[in-house]
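Asker: Below are the chains, spelled out letter by letter.
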Amino acid sequence: MTNTALTQDIMGPGHLACAGCGAAIAMRHAMEALGPKTNIVVPAGCWSTFIGVYPNSCLRVPVMSVAFATTAATASGLKAGLERMGRGEETVLAWAGDGGTFDIGIQALSGAAERNEDIIFVCYDNEAYMNTGIQRSSATPPGAWTTTTPESALKSQRKKNMVAIMAAHGVPYAATASIAYPEDFMAKMAKANSIRGTKFIHLFASCPTGWRHGSELSVEVAARAVKSRVFPLYEVMDGEEWRMSPMPAKEPVSEYLRMQGRFKAMGPEIEAEFQRGVDRSWKSLARKCAPSA
Amino acid sequence: MSTNKLLTGTETAAQAALLARVDVVPAYPITPQTVIVETLAEMIGSGELDAAYINVESEHSAMASCIGAAAAGARAFTATSSQGLALMHEVLHYAANGRMPIVMVNANRALAPPWNLYCDQSDSLAQRDTGWLQYYCADCQDVLDSILVAYKVAEEVSLPVMINLDAFYLTHTSEAVELPDQEAVDAFIPKQIKAVMDTEHPATYGNVCGPELYTSIRYNRHYDAVGALESWQRASQAYAQAFGRSCPPVQTYKTEDAETILVVAGSASGALRLAVDQMREQGHAAGMLRLAMLRPFPGEMIARAVGGAKRLVVVERGVSSGMGGIVGQELKAALFGRPGGLDIWSLFAGLGGKDIVPEEIAAEALAIAAGKPSGPEHGDHCIWTGLLP
Numbered sequence: 001m002t003n004t005a006l007t008q009d010i011m012g013p014g015h016l017a018c019a020g021c022g023a024a025i026a027m028r029h030a031m032e033a034l035g036p037k038t039n040i041v042v043p044a045g046c047w048s049t050f051i052g053v054y055p056n057s058c059l060r061v062p063v064m065s066v067a068f069a070t071t072a073a074t075a076s077g078l079k080a081g082l083e084r085m086g087r088g089e090e091t092v093l094a095w096a097g098d099g100g101t102f103d104i105g106i107q108a109l110s111g112a113a114e115r116n117e118d119i120i121f122v123c124y125d126n127e128a129y130m131n132t133g134i135q136r137s138s139a140t141p142p143g144a145w146t147t148t149t150p151e152s153a154l155k156s157q158r159k160k161n162m163v164a165i166m167a168a169h170g171v172p173y174a175a176t177a178s179i180a181y182p183e184d185f186m187a188k189m190a191k192a193n194s195i196r197g198t199k200f201i202h203l204f205a206s207c208p209t210g211w212r213h214g215s216e217l218s219v220e221v222a223a224r225a226v227k228s229r230v231f232p233l234y235e236v237m238d239g240e241e242w243r244m245s246p247m248p249a250k251e252p253v254s255e256y257l258r259m260q261g262r263f264k265a266m267g268p269e270i271e272a273e274f275q276r277g278v279d280r281s282w283k284s285l286a287r288k289c290a291p292s293a
Numbered sequence: 001m002s003t004n005k006l007l008t009g010t011e012t013a014a015q016a017a018l019l020a021r022v023d024v025v026p027a028y029p030i031t032p033q034t035v036i037v038e039t040l041a042e043m044i045g046s047g048e049l050d051a052a053y054i055n056v057e058s059e060h061s062a063m064a065s066c067i068g069a070a071a072a073g074a075r076a077f078t079a080t081s082s083q084g085l086a087l088m089h090e091v092l093h094y095a096a097n098g099r100m101p102i103v104m105v106n107a108n109r110a111l112a113p114p115w116n117l118y119c120d121q122s123d124s125l126a127q128r129d130t131g132w133l134q135y136y137c138a139d140c141q142d143v144l145d146s147i148l149v150a151y152k153v154a155e156e157v158s159l160p161v162m163i164n165l166d167a168f169y170l171t172h173t174s175e176a177v178e179l180p181d182q183e184a185v186d187a188f189i190p191k192q193i194k195a196v197m198d199t200e201h202p203a204t205y206g207n208v209c210g211p212e213l214y215t216s217i218r219y220n221r222h223y224d225a226v227g228a229l230e231s232w233q234r235a236s237q238a239y240a241q242a243f244g245r246s247c248p249p250v251q252t253y254k255t256e257d258a259e260t261i262l263v264v265a266g267s268a269s270g271a272l273r274l275a276v277d278q279m280r281e282q283g284h285a286a287g288m289l290r291l292a293m294l295r296p297f298p299g300e301m302i303a304r305a306v307g308g309a310k311r312l313v314v315v316e317r318g319v320s321s322g323m324g325g326i327v328g329q330e331l332k333a334a335l336f337g338r339p340g341g342l343d344i345w346s347l348f349a350g351l352g353g354k355d356i357v358p359e360e361i362a363a364e365a366l367a368i369a370a371g372k373p374s375g376p377e378h379g380d381h382c383i384w385t386g387l388l389p
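Sequence lines, in order, name chains Z and R.
The letter at position 71 of the first sequence is residue 71 when you use my numbering, and the numbering goes up by one with no holes.
The letter at position 310 of the second sequence is residue 310 when you use my numbering, and the numbering goes up by one with no holes.
These are computed hints drawn from the structure, not numbers from a lab.
Be aware that a few hints might be false.
Here are the simulated DSS-like cross-link-like pairs (lysine-lysine), alpha carbons at most 27 Å apart as the crow flies [what the hints assert, rightly or not]: (1) 372(R) with 310(R); (2) 288(Z) with 191(Z); (3) 372(R) with 354(R); (4) 160(Z) with 288(Z); (5) 191(R) with 37(Z); (6) 37(Z) with 194(R).
Coverage of chain Z stretches by chain R, computed from C-beta distances (three or more under 8 Å per stretch; other residues unrestricted) [said to hold, decoys possible]: (7) 30-41; (8) 46-59; (9) 75-87; (10) 104-113.
Yeah, the Cβ is synthetic: ideal placement off N, Cα and C, and Gly gets one too.
Bound-form chain R, shown alone (with noise of 0.2 Å):
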């Protein structure tokens, strides 16, 4: 039997990796990811989760530790945040490289310096590139779901997955979590990991390769990453069947017949549903879409809720500095050449903390849809609030 615990969201990301009976954690501290690698010490410590806890001495060695596990045929955990997650750069793409199924969680937070502890996506907005799965979570539940569906995802095409909760807002926040039976669980992600390290075959993992050889297994990585949208939708349908919930890469809220379009990544898309209510009470078609998978990019399923809307304005959590929002970005790159000329806004309301409040987001949305966006600039499609004088 299922049961529901008023939890964190990183004691759900910890409640997770139990349910999922992952084999190594390699773990090291940093806020404000501490307290799932703090909640797992505890519960391999008194055996309720039967597993090895290494005490790295870095994220760096964290993701390596991590590899090496996977290189073994087992089930490997860790978390991380911002500089964490900068550090552990490099080994993210052996992780992606080497095609190791790890789940890994990471807190969104905003880089330094200035030292800023709060929400802000730049931290895996950057690592776009490194061959890692990114979904980004609306909530607690989801963080539990999705954590699930990844390691299913994660084993069935042999590609690490990182799971990003916002900062704060989702790691720090108490929320009603249904955790699911251990049984229901065992049956949804059967463990299938490939040893790549076997003494009866024995192969190299990852040593010198040509040009050609090199190309061919890019090639095939970056297929079989675009492949992974649909393993990930079978998975979240299967887990739909199974225990009542999905983990959508997209989600919409009244987009049916909406002008303008507001986009997000991750916990805020609560917040935008209201402002997406309160346009509509100004007699506005507004809706929302909710981006949760950044890579694979589902660029097919948001063109398709789009549909004939007039305008996005993507929410930014990150930015990309001398190019603009990240997410804006890879939304005009994967709409480009469409008909209907939909143009696309970047309205930075979320960095380094930042709160995202309906009220204001709801009037920039309108101001930009009467074409009087606010701000002293704005050829460049970017919009920022709140600026200091």
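Same shape as in the complex, but just chain Z (with noise of 0.2 Å):
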């Protein structure tokens, strides 16, 4: 897959994020497929403070700030005032990390997606609260280094499936994607701005800080994700039609977690564990995906 040169530049010079950081690559992109006439909503998280130190900003379309948990309920409401002023064509783009997602943000991402609210909600998920220094979320993969999951505790725990949570909802779209594959994500983002209710994309963005890996690496680590199957890329059209992207074939997991020094403590076991838990997954997945009989 080749990449499309950026034509928009909505995301100028001057963010304030770690170099490598795959959160920052993912908002030129989802700002190419969305247009100026784009407001953004932040939670707390890696993107509120690496917008810039106000006024400044790298993004030139208006950003709130927003309360941890408040992502969906205050799109929501910007999303009905935009239209009670005569803006209801402009895009409401929530834009959350995998905390304000799977933990603290569930609870009103659930609420906008019961009443499907006309927003995209966009999961920039890293697997940990970044922001603060690496600390667990419910997004962490099983077997993963973090600053609360040290070496001697490391995370047992499977990661939500989030995309399946939403898709239970009913959203009219849902999607996985990828800062590997921009393409795919910002077809992602165009289609997810063409249909009217709630969308949800789940983006696997990588985080040399917090994975442990050289800030070149980002993106091959994320198309090491897809590759191996641990971040398969599919679509879930009304919760019902569930499709599988485009993707490369299949490797195991032993080289995209060798990368990161986040799994260097997981030993034979966890990683086969790891490597069951993978497959597993995938085939739930491809079950979903099959055309029915």
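Two independent chains are provided; combine them into the complex using the hints.
Answerer: Right, dumping it as structure tokens:
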């Protein structure tokens, strides 16, 4: 897959993210897909700090920084307000990390999905609370080191299946995407923007700081997550029609794990269990994506 | 032409939102404000009110949605009570720090545990420092009038306003309420909210900033909140000119020559007028001061109203455990250092829905004036009545 040249510069220079930040790459692509008539709602998280120090901003669209739990609720009110003010055609993009989505933000997100609010909710998933210094979230994979799941007590629980949770709400569109496949991500964003109702995109965004890999490897790590089926790409229409996105051939998880310092304490047994978990999830996903008899 | 209707406080609040032509109503039910959001749902459903209704899943989200709506330049309204207000606490800061002109009605109700559905003001008093302007209503008419005045002030000073009404005493009792003519209300409160979220002029709202700028932003908010008292008085006077009624921050009864002044926020001012009359019948120069505005705190107005009185007896509907009566503390702070040696007492008479009985208040106030307050301990100037043995 090749990357189309970016034509819009809605995300300008001056962001304060770490070198190689997957979430910074992600926003650039998201804004390329959505265009300038976009209003962004950002809760606490990496993005709330690296927009820039007030009044500076690296984004040439309006941005609200909101309370951690309230992303989807604020976006709901914003959309209703825009409609009342004759700006109903403008896009409302809720842009939260995995903590603000899987954990503290899930109640408001579930509420918005139940009401089918006309917003796009993107979870940029770097699999931990990275902004506060790498603490476990419910998106952290099993076997991963974080500062609250240290080597002596690695995370043992599985990761929540957020897309399935959102699909179970029956939202018109839910999908996964990766910073390593920008055309796929941008196409999914554009598709989301053309559908009315709640759209959810679970975006895999690598974090060199928290994952303990070189900043030059961010895209490669993300690509290997897809290739190893740790993070498969797919979409779900109306909670019912599951469809796999075009993806490369399968490879084992070992190379994906080996590239990252956060998995170095997991050992062969946990690694084997990790692989079994990935295979189980893939089988389940493949069943959902298979055309019905 | 204005019309008169028999309305409860909650129905009145909904009528006020209708007259204010609110745009967005994010709502979650909680006793005893539920009738407000039910009435608004009916009004919006039937087309009587042209607005968006958002059935949010919590009070935390209700306030967040209000902020989103206001950020788009729309007029937002919601209502809550007790635990709901407590749950909103975090987002109340976002509304005030973000300078959102939201108006919210709070039905003053006790906080759990133990569960208690009745009137108590510790819910809203605990939100003093969120930056919201706070008004406490005397009766149903005051609910209507103060909500309309609140929108005028909120949009003038870009700060949110909380209109408080005592649970059950006001939420569930019916009174004849005069509803002003829609055109006159439109002229009184034309919408003037600047959209924070403007794709033509993109800017950020609320993102990270350094200590110096943060301090300056707090300075501006504080002085704008202080200045909101003048805005409120101006709006209240304009309202009086248009509709014949006003919502003064401080209201007095027989205080001119009073030695003892009973002080209260909320609906008990009527009961305290009776207590004052009873004290006067017994030869004691008593007066009553109704504190309608707690933020901004009208300290100067209170000082003027108190005049040469010897003592204030604050009838409290909220307690700050380990310190004392909340309104009493506010008065002590505001009146500190003024000449005259004013004695300020807190009389806990209305916690958890406890009835404020004029005879009991008069008897306690006279005992305090005679230097013989009841109760086992009163070294902290706090009198507790009706305790179980």
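Asker: Hints numbered earlier in the text: which of these fail when held up against the supplied structure?
Answerer: none
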